[in-house]
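Start from chain X and add chain P according to the hints.
Protein chains in written order, with our numbering: chain X, 1 to 269; chain P, 1001 to 1269.
Bear in mind the hints are in silico, worked out from the structure with no lab data behind them.
Beta carbons: idealized from backbone N, C-alpha and C, even for Gly.
Careful, some of the hints might be misleading.
Beta-carbon label-pair distances, calculated as ranges [unchecked claim]:
1. P:Gly1049 with X:Ala149: 37 to 47 Å
2. P:Arg1186 with X:Gly73: 52 to 62 Å
3. X:Arg25 with P:Arg1021: 32 to 42 Å
4. X:Ala205 with P:Ala1081: 40 to 50 Å
5. P:Lys1026 with X:Ala112: 53 to 63 Å
6. P:Lys1026 with X:Ser24: 23 to 33 Å
7. X:Arg25 with P:Ala1269: 18 to 28 Å
8. X:Thr82 with P:Ala1269: 33 to 43 Å
9. X:Gly180 with P:Val1105: 51 to 61 Å
Take a look at the letters that make up each chain.
2 protein chains.
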Amino acid sequence: MRPGDGPLHTERTPRVAAARRLTSRKHRDAERLFLAEGPQAVREALATGAGVRTLFVSPERHGDLVAAARDAGVPVSYVDATAMAGLSETVTPPGVVAVCQFIDVPAVEALARAPRLVAVLYEINDPGNAGTVLRTADAAGASAVVFGAGSVDPYNGKCVRATAGSLFHPAVVRGGDLPGVVGALRAGGVRVLAADGAGETDLDAELDAGRLAAPTAWLFGNEARGLPAEVAALADARVRIPIHGGAESLNLAAAAAVCLYASARAQRA
Amino acid sequence: MRPGDGPLHTERTPRVAAARRLTSRKHRDAERLFLAEGPQAVREALATGAGVRTLFVSPERHGDLVAAARDAGVPVSYVDATAMAGLSETVTPPGVVAVCQFIDVPAVEALARAPRLVAVLYEINDPGNAGTVLRTADAAGASAVVFGAGSVDPYNGKCVRATAGSLFHPAVVRGGDLPGVVGALRAGGVRVLAADGAGETDLDAELDAGRLAAPTAWLFGNEARGLPAEVAALADARVRIPIHGGAESLNLAAAAAVCLYASARAQRA
Chain X
1 MRPGDGPLHT ERTPRVAAAR RLTSRKHRDA ERLFLAEGPQ AVREALATGA
51 GVRTLFVSPE RHGDLVAAAR DAGVPVSYVD ATAMAGLSET VTPPGVVAVC
101 QFIDVPAVEA LARAPRLVAV LYEINDPGNA GTVLRTADAA GASAVVFGAG
151 SVDPYNGKCV RATAGSLFHP AVVRGGDLPG VVGALRAGGV RVLAADGAGE
201 TDLDAELDAG RLAAPTAWLF GNEARGLPAE VAALADARVR IPIHGGAESL
251 NLAAAAAVCL YASARAQRA
Chain P
1001 MRPGDGPLHT ERTPRVAAAR RLTSRKHRDA ERLFLAEGPQ AVREALATGA
1051 GVRTLFVSPE RHGDLVAAAR DAGVPVSYVD ATAMAGLSET VTPPGVVAVC
1101 QFIDVPAVEA LARAPRLVAV LYEINDPGNA GTVLRTADAA GASAVVFGAG
1151 SVDPYNGKCV RATAGSLFHP AVVRGGDLPG VVGALRAGGV RVLAADGAGE
1201 TDLDAELDAG RLAAPTAWLF GNEARGLPAE VAALADARVR IPIHGGAESL
1251 NLAAAAAVCL YASARAQRA
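Extracted from the complex, chain X is given alone in its bound form:
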């Protein structure tokens, strides 16, 4: 803090109490606001002009982010340790939390941009998994990630943290109706592939045939149950990852990484 930084807010200050309620989905949905915690997420939120409403920061911490927020006209509030702990969902609060406007866009808008690579999540329950897949999709160059109906809220704090700032990069579609999304993707010339351990083709065959060079959307299913047959049937093909050793399967985040990077490489070969 510097002279003129204003008071040190406590958990009872109305703006802190209001922000703390955003740890609940009900309040996030009512306000269309969410919390982005930690320097990496805050930096990306500020960098992408993603509508940061307020920055909460611990005294003497994260001077670079405070400066960036002030440059962007974002109000900065210093908070005491108890208030920061209330805004944080981690054991060791990183000392900076941004209140951000929702960034998701309608499916039609995300898909109107002629995407080359899209990840579609179907009933992914674990926020850490969903956030990791979004981060990997961003790294692989995906332009959109669809959180299909039944998947975890992308604004869940654990999901936001798992994205490591990538939440602010691809277009995020929240709660998409899956048959509608798949139909729109196919109508837009995007080949839709279901990642499916029981698929009729495998990833090596897709690569060998050169089929992954086309604009592609990958459907990823629930961690335990995978994709139900009727959802997998919506895709142009169901693709399994070859298992060379004794493992029964890959976990979701690993499978998504292998599929998305196979596409990324094929599209650039």
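Leaving out everything else, chain P in the frame of chain X:
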């Protein structure tokens, strides 16, 4: 249970109390025994003849595993709900836990088998991450996984669960001294690659040059810090995964999946 199955054991039964102590590393190391929880891990432990000492099971559960244990001459003890909860580290105990002998082998033994693909973990702290990398390595056909000194215990309950049974497939080396392991790998004709976000070459260049077809060991570093320069310097090359979007990096499990599957495909092309 059937007539003749014997008593229902409680948490006070000495064999239950002794098994429960194996949730602590100190006791695991003293006894050279660990707990494998859940039907998948137990099935693989029994299938691979991995020295299962005892099977603890809840009444009326997992009849197939009880039969397999009896066929293998493994003693089966039925336990009540409190005893099972004490042996389990999950919120919803899966109702079956095996006491297994340590399965790790010395590095020289694992590396004497002319491995084609090896994963080496350096200071991986999170047991879920370590277990996931082992599972992915198994799926990619790795014949050995080295838990270098400073990495989590492969027999940690969360690690065992994250391997989803794969712990019993590749040769597991525990606590390997990293310069020694790397030296042995190179002496055995295995090319050693460090997965390194600041690497001097990238995975696409390695694939394009055909260099991943050789027998390869991948070094993976700590989740937050990656590989220290002096460890990365031990490798034949430091390889980064191309980042096509805005992401700063991949998480460990995703990066390992991309590297290991790139090798698996190149070795079979």
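Hint by hint, where does the structure go against what was stated? Just the numbers, ascending. Checked against the structure, the hints that fail are numbers 6, 7, 8, while the rest are satisfied.
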